[in-house]
Amino acid sequence: PSSLSDTRLKSNQVVVPADNLTSISNAIETKEYDLVKGTDVDGTQLPTKRRGGFIADDVQAAIAGSDWSNIVGAKTVNNTEYLTLDYSRLVCVLWGVVEGLSARVSTLEATVHALAA
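In my numbering, the protein residues as written are 350 to 466.
Think of the hints as simulated: they come from the structure by calculation, not from any bench.
As the structure is a computational prediction, the values presented were derived from the model and not from experiment.
C-beta: ideal position from N, C-alpha, C; glycine also.
Hints are all accurate, no fakes.
Distance condition first, Cα-Cα at most 30 angstroms in a straight line; then the derived DSSO-like pairs of lysine-lysine: (1) Lys386 <-> Lys424; (2) Lys424 <-> Lys398; (3) Lys398 <-> Lys386; (4) Lys424 <-> Lys380; (5) Lys380 <-> Lys398; (6) Lys359 <-> Lys424.
Restraint-style ranges between C-beta atoms, simulated for each label pair: (7) Leu358 <-> Thr460: 37 to 43 angstroms; (8) Val461 <-> Thr379: 28 to 34 angstroms; (9) Gly401 <-> Ser372: 19 to 25 angstroms; (10) Leu464 <-> Lys386: 57 to 63 angstroms; (11) Ser437 <-> Tyr382: 19 to 25 angstroms; (12) Glu430 <-> Ser352: 20 to 26 angstroms; (13) Val440 <-> Gly387: 30 to 36 angstroms; (14) Thr460 <-> Ser354: 34 to 40 angstroms; (15) Thr393 <-> Ser352: 21 to 27 angstroms.
Turn these sequences into a full structure, and let the hints steer you where they fit.
Here it is, written out as structure tokens:
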């Protein structure tokens, strides 16, 4: 699904330092897990196969202190609040980490070429 992302809709735009994004990325571990047996919050039967992914609580802890409330949210079902995770928003974190790593690789390659010359 597409989201409105036009610059005219966003104020106070600043680049997030790669080090900040790397710290967030390093604090989030990919987990392997089983879903609790039973039905999902919407009443559908939960899959029984082992799964991989992130845990919203872990992501929330990793972004603590930031105002990035659009990554971890909450949904109330049957008077119980559950954390939600917007995986598409995590792309921004990963993108910044990749950019930082790409810059480091370029620097290392330039150093290797200079030493070899």
